[in-house]
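Using the sequences and the hints given, assemble the complete structure.
Read off the chains here:
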Amino acid sequence: QAYLVQSGADVKKPGASVQVSCKASGYTFTTSYIHWVRQAPGQGPQWMGMINPRDGSTFYAQKFQGRVIMTRDPSTTTVNMELIGLISEDTAVYYCATTVYSSSWTTLDVWGKGTTVTVSS
Amino acid sequence: QSALTQPPSASGSPGQSVTISCTGTSSDVGGYNYVSWYQQHPGKAPKLMIYEVTKRPSGVPDRFSGSKSGNTASLTVSGLQAEDEADYYCTSYAGSNNLVFGGGTYLTVL
Chain V
4 QAYLVQSGAD
14 VKKPGASVQV
24 SCKASGYTFT
34 TSYIHWVRQA
44 PGQGPQWMGM
54 INPRDGSTFY
64 AQKFQGRVIM
74 TRDPSTTTVN
84 MELIGLISED
94 TAVYYCATTV
104 YSSSWTTLDV
114 WGKGTTVTVS
124 S
Chain R
51 QSALTQPPSA
61 SGSPGQSVTI
71 SCTGTSSDVG
81 GYNYVSWYQQ
91 HPGKAPKLMI
101 YEVTKRPSGV
111 PDRFSGSKSG
121 NTASLTVSGL
131 QAEDEADYYC
141 TSYAGSNNLV
151 FGGGTYLTVL
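Chains as they are written, first to last, in my numbering: chain V, 4 to 124; chain R, 51 to 160.
Hints were generated in silico from the structure; no laboratory data involved.
The beta carbon of each residue, even a glycine, is placed where N, CA and C say it ideally should be.
Fair warning: there could be bad hints in the mix.
[Claimed, not checked] Derived SDA-like pairs: lysine to any residue, alpha-carbon spacing no greater than 25 Å straight-line:
(1) V/K116 to R/E102
(2) V/K15 to V/V103
(3) V/K116 to R/G153
(4) V/K66 to R/P64
(5) R/K94 to R/P64
[What the hints assert, rightly or not] Output of the computed footprint for chain V on chain R, the stretches with three or more beta carbons under 8 Å from beta carbons of chain V:
(6) 111-120
(7) 141-154
Laid out in structure tokens, this is it:
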């Protein structure tokens with residue numbers, strides 16, 4: 004069974020950076036994009052971008068370009084998402100998600116449990 | 051990319067059917083057959099319910115079905131049950147390796 008296990012909650016000050024990790028298991032790490040999706044309190048999810056674990060290529064949503072960096076480590080089957088220049092509006096639950104059982108990367112059929120990031124002075 | 055448009059709320063009584071819409075443009079919903087629907091209960095991660103407009107993952111009850119006409123996709127839940135009460139979000143491929151979410155619909159089972 005495929006799993007994505009995320010790092011724990013974090014609290015950061017405005018202007019700082021945060022890194023959230025996502026460890027994949029139960030499937031072949033290099034065959035599926037891993038996506039990052041965030042959800043601010045009381046709001047709908049927002050797609051941030053995705054990384055190809057095979058070659059490290061990334062595609063970021065326009066809103067986050069210049070502020071998000073996604074990296075991967077095939078040796079530990081882990082993907083990291085770093086968000087820089089944090090503001091209070093970045094307070095959200097951050098999810099990683101991937102495609103394991105479907106054929107299109109647009110289908111997110113395995114999700115991590117989410118990581119709460121709080122930005123507060 | 052702008053978020054897809056969903057009604058903020060929908061409701062139905064147990065056993066009834068309810069349909070939730072997801073409206074985009076010809077650059078996303080109308081241009082590709084890559085619409086998915088997710089169910090989210092409070093404090094939980096989203097769960098895939100429908101993908102590629104009409105397909106249902108293993109384990110999802112056949113009470114859930116999807117369709118699309120033009121720039122609008124729809125999720126229909128038949129035979130409503132109490133456990134169907136949740137937020138529902140649509141997504142669509144939006145070209146150029148982009149994915150866009152809808153604003154969400156909260157389904158109340160009366």
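Given the hint that R/K94 pairs with R/P64, test it: the Cα-Cα distance must not exceed 25 Å. holds (23 Å)
Is it true that the CA of V/K116 sits at most 25 Å from the CA of R/G153? holds (20 Å)
Given pair status - V/V103, V/K15, alpha carbons within 25 Å: Not satisfied, since the Cα-Cα distance of roughly 33 Å exceeds 25 Å.
For the pair supplied as a hint, V/K66 and R/P64, is the alpha-carbon distance within the 25 Å limit? violated (40 Å)
Please work out if V/K116 and R/E102 have their alpha carbons no farther apart than 25 Å. Satisfied, since the Cα-Cα distance of roughly 24 Å is no more than 25 Å.
Annotated coverage of the segment 111-120 of chain R by chain V, confirmed only when three residues or more have a Cβ within 8 Å: violated (count 0)
Closer than 8 Å Cβ to Cβ for three or more residues is the test here. Does the segment 141-154 of chain R pass it with chain V? Check passed, 11 qualifying residues.
Hint compliance for this structure: hints 2, 4 and 6 are broken, all remaining hints hold.
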